[in-house]
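> Please construct the entire structure, taking both the sequences and the accompanying hints into account.
If you're matching them up, the sequences are chains A and B in order. Per the UniProt record's numbering, the very first residue in the first sequence carries number 1; after that it's consecutive. Per the UniProt record's numbering, the very first residue in the second sequence carries number 1; after that it's consecutive.
I should point out that these hints are in silico values taken from the structure, not numbers from a laboratory. One thing to keep in mind: the hints can contain errors.
Where chains are identical, the list cannot tell them apart; a pair therefore holds if satisfied intra-copy or between any two copies.
[Stated by the list, open to error] Calculated cross-link-like contacts (lysine-lysine; reagent style DSSO-like; alpha-carbon spacing at most 27 Å):
1. LYS95 x LYS8
2. LYS278 x LYS341
3. LYS134 x LYS231
4. LYS341 x LYS145
5. LYS33 x LYS8
There are 2 protein chains.
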Amino acid sequence: MDQPMNEKTTAELEHLRDLIDGVDQQLLLLLRKRLDLVAQVGVVKHGAGVPIYAPHREASMLAKRRDEAAKLGISPQLIEDVLRRLMRESYLNEKEVGFKQVKPDSGHIVIVGGAGKLGALFSQMLSLSGYQVKSLDKDDWQQAKALFSGAAMVIVSVPISLTCALIRRELSQLPADCILTDLTSVKAEPLRAMLDAHSGPVLGLHPMFGPDVGSFAKQVVVVCHGRQQDKYQWFLDQIAIWGARIEITDAKNHDEAMQLVQAMRHFSSFVYGLNLFKNNADIANLLRFSSPIYRLELAMVGRLFAQAPELYADIILAQPGNVQLMSDYLQHYQHALETLKRGDRDEFIRQFSQVSTWFGDYAPAFARESGMMLESVNDMKPRE
Amino acid sequence: MDQPMNEKTTAELEHLRDLIDGVDQQLLLLLRKRLDLVAQVGVVKHGAGVPIYAPHREASMLAKRRDEAAKLGISPQLIEDVLRRLMRESYLNEKEVGFKQVKPDSGHIVIVGGAGKLGALFSQMLSLSGYQVKSLDKDDWQQAKALFSGAAMVIVSVPISLTCALIRRELSQLPADCILTDLTSVKAEPLRAMLDAHSGPVLGLHPMFGPDVGSFAKQVVVVCHGRQQDKYQWFLDQIAIWGARIEITDAKNHDEAMQLVQAMRHFSSFVYGLNLFKNNADIANLLRFSSPIYRLELAMVGRLFAQAPELYADIILAQPGNVQLMSDYLQHYQHALETLKRGDRDEFIRQFSQVSTWFGDYAPAFARESGMMLESVNDMKPRE
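This is how it looks when you write it as structure tokens:
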């Protein structure tokens with residue numbers, strides 16, 4: 001395709017590219033300056049103990065920038081996207097400053113399973129906030145008594161299949177005023193086990209993100225209150241200072257939502273991958289012909305198989321109701337497939353429309369949202 | 001959570017925010033300048049007929065900027081992400097300049113189904129490249145003879161269920177040197193129909209993107225050669241100038257890949273949505289507790305239901321092999337579910353590991369890629 005260009009064209013392009021290079025140098029310096037200024041805001045906020053993520057201030061700043069962009073004939077979405085990306089970078093950099101310590105006079109904090117990925121993340125964030133953190137891992141149980149003595153809080157972050165038995169067996173002798181909390185992805189049973197084992201403050205948490213996030217900013221932490229909230233409220237305030245959004249609910253509602261949000265989706269992704277394997281699909285060929293939407297989907301499924309199978313086995317097997325939900329799903333799949341086998345286009349369309357009606361305003365909203373995501377996926381396309 | 005700040009803190013924050021506002025003003029001006037310079041590059045390229053999307057130049061420019069960023073202590077990924085977003089904007093703006101016309105002396109082009117979304121997109125791109133485009137829609141068949149007379153190319157862009165019959169019935173009397181091409185998402189049967197109906201140049205195309213893309217840049221167009229490539233090569237060159245990547249394959253390979261890339265995924269998304277509906281899931285509640293990954297998934301499923309059911313019915317019913325693949329999928333789901341029903345954790349882990357091994361290096365690569373996508377999704381999170 002490349003056509004030979006004449007000398008004039010080549011010279012013109014070279015000149016313009018030099019000018020663009022110059023603009024990019026200025027852009028880099030400006031980014032450096034902005035990151036530094038936001039870091040200084042971080043230091044001031046750190047001193048005052050104000051959360052780094054301020055949704056309202058962020059929204060009003062973005063609205064102003066969008067207006068200013070429009071006046072310059074720049075797409076408002078462009079400046080919003082660039083600034084959001086810059087804000088992400090600034091959140092990541094917050095870790096260098098550290099975080100305000102909400103309860104400076106507390107004793108030390110023990111993380112049971114502190115060597116695991118999620119335990120290590122909480123350990124890091126607590127240390128960055130000035131707390132003394134000790135880890136208790138599977139070979140450390142002979143030191144448990146010494147570690148627990150004088151502890152302000154014990155955080156349980158062990159595989160879901162071990163959590164309840166471990167709580168009941170090992171955590172019944174904690175100091176009376178010690179906070180007992182866990183990070184398990186189901187909440188009813190661990191909460192029950194903690195309330196049974198310990199008579200002091202009890203708190204159930206579920207961080208809705210993987211341990212590889214660079215920052216807590218904008219991430220969700222689900223909170224199920226256990227007992228003596230006044231004793232552990234400082235820890236929730238601390239998490240909010242890290243930038244997370246706290247969502248309070250009861251364990252039953254949480255666990256029901258997780259059947260769909262976690263168990264069903266993990267299992268569906270697993271079967272999707274299994275199906276590609278059984279078909280011996282040619283991934284390279286599929287990628288060649290991928291639309292952005294399919295590439296994204298393939299990446300989301302492939303992602304699962306880069307991780308530990310035990311983690312997924314345990315999440316899927318954690319609630320007896322999961323298998324029932326999956327059986328229901330199987331039945332819906334089967335019915336829909338029978339419609340196709342009969343070639344009953346009208347019935348398929350009828351069902352489709354029924355679901356569209358049920359989604360209501362969410363369908364166009366999701367279309368808009370995913371449209372923006374897909375554009376962003378297309379931007380990132382690797383060079384061919 | 002918001003704590004009262006003392007006056008000194010407030011004043012310090014105000015001062016820093018003023019400085020950040022100043023930086024953002026400079027940033028906007030710089031973005032305006034860069035967009036203008038790239039637009040000038042577009043004008044020069046337009047004159048010379050060079051494709052707007054130059055992957056190698058883009059890659060080397062990004063590599064240089066990454067190095068320069070690192071020297072300033074800026075994350076290389078930050079500048080890459082910002083520049084990719086800027087490049088997207090520049091691709092969108094290319095439309096204002098128009099595109100080099102590869103074949104200026106051609107006759108007019110007829111789009112059968114030019115009022116549909118995809119037909120309208122091709123109509124727009126062709127017009128922006130200087131071609132005379134005429135649309136033939138379902139009420140225009142009495143003018144067909146006049147429209148086809150002297151046409152350089154006829155592009156068929158009608159619903160998949162009508163394509164083959166329409167080609168055989170209506171397109172057998174085209175001028176002998178007229179190019180006949182289609183945009184259908186299956187290729188074997190339409191190509192056969194075009195070759196049977198027309199004795200001149202025949203070309204099968206499948207644009208792997210929705211009609212709502214702002215630009216062809218980086219998008220994939222699958223090409224299945226029909227007959228007399230030398231007569232229609234100019235149109236492929238034209239598509240490349242619009243920025244798309246051309247992927248040449250035979251119709252059988254294309255159609256097999258589409259069973260997985262399109263039919264299976266549309267049907268799975270359909271059943272996913274159907275299942276939420278049958279469970280009467282509380283979408284607002286699910287969103288409250290969503291991880292970025294689940295929010296993305298929900299948006300991708302919900303997206304489907306904002307669109308026309310007929311389109312999906314026809315894609316899914318287009319190939320008889322699709323139903324067989326879905327039956328296989330159902331069986332794999334059933335077997336995997338039986339493993340869970342038995343509570344056979346070890347067998348689940350064994351199968352999971354087998355699929356992981358099969359994915360090989362793709363699994364960690366997909367994990368990295370989707371990790372970046374998820375960070376970008378998290379950036380876009382709407383304000384609470």
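> If a hint holds in the structure, say so; if it does not, say that too.
Taking the hints in turn, this is what the structure says about them:
no., hint, in the structure
1, LYS95 x LYS8, "between (51 Å within a copy, 24 Å between copies)"
2, LYS278 x LYS341, "both (22 Å within a copy, 21 Å between copies)"
3, LYS134 x LYS231, "within (20 Å within a copy, 74 Å between copies)"
4, LYS341 x LYS145, "neither (64 Å within a copy, 40 Å between copies)"
5, LYS33 x LYS8, "between (38 Å within a copy, 23 Å between copies)"
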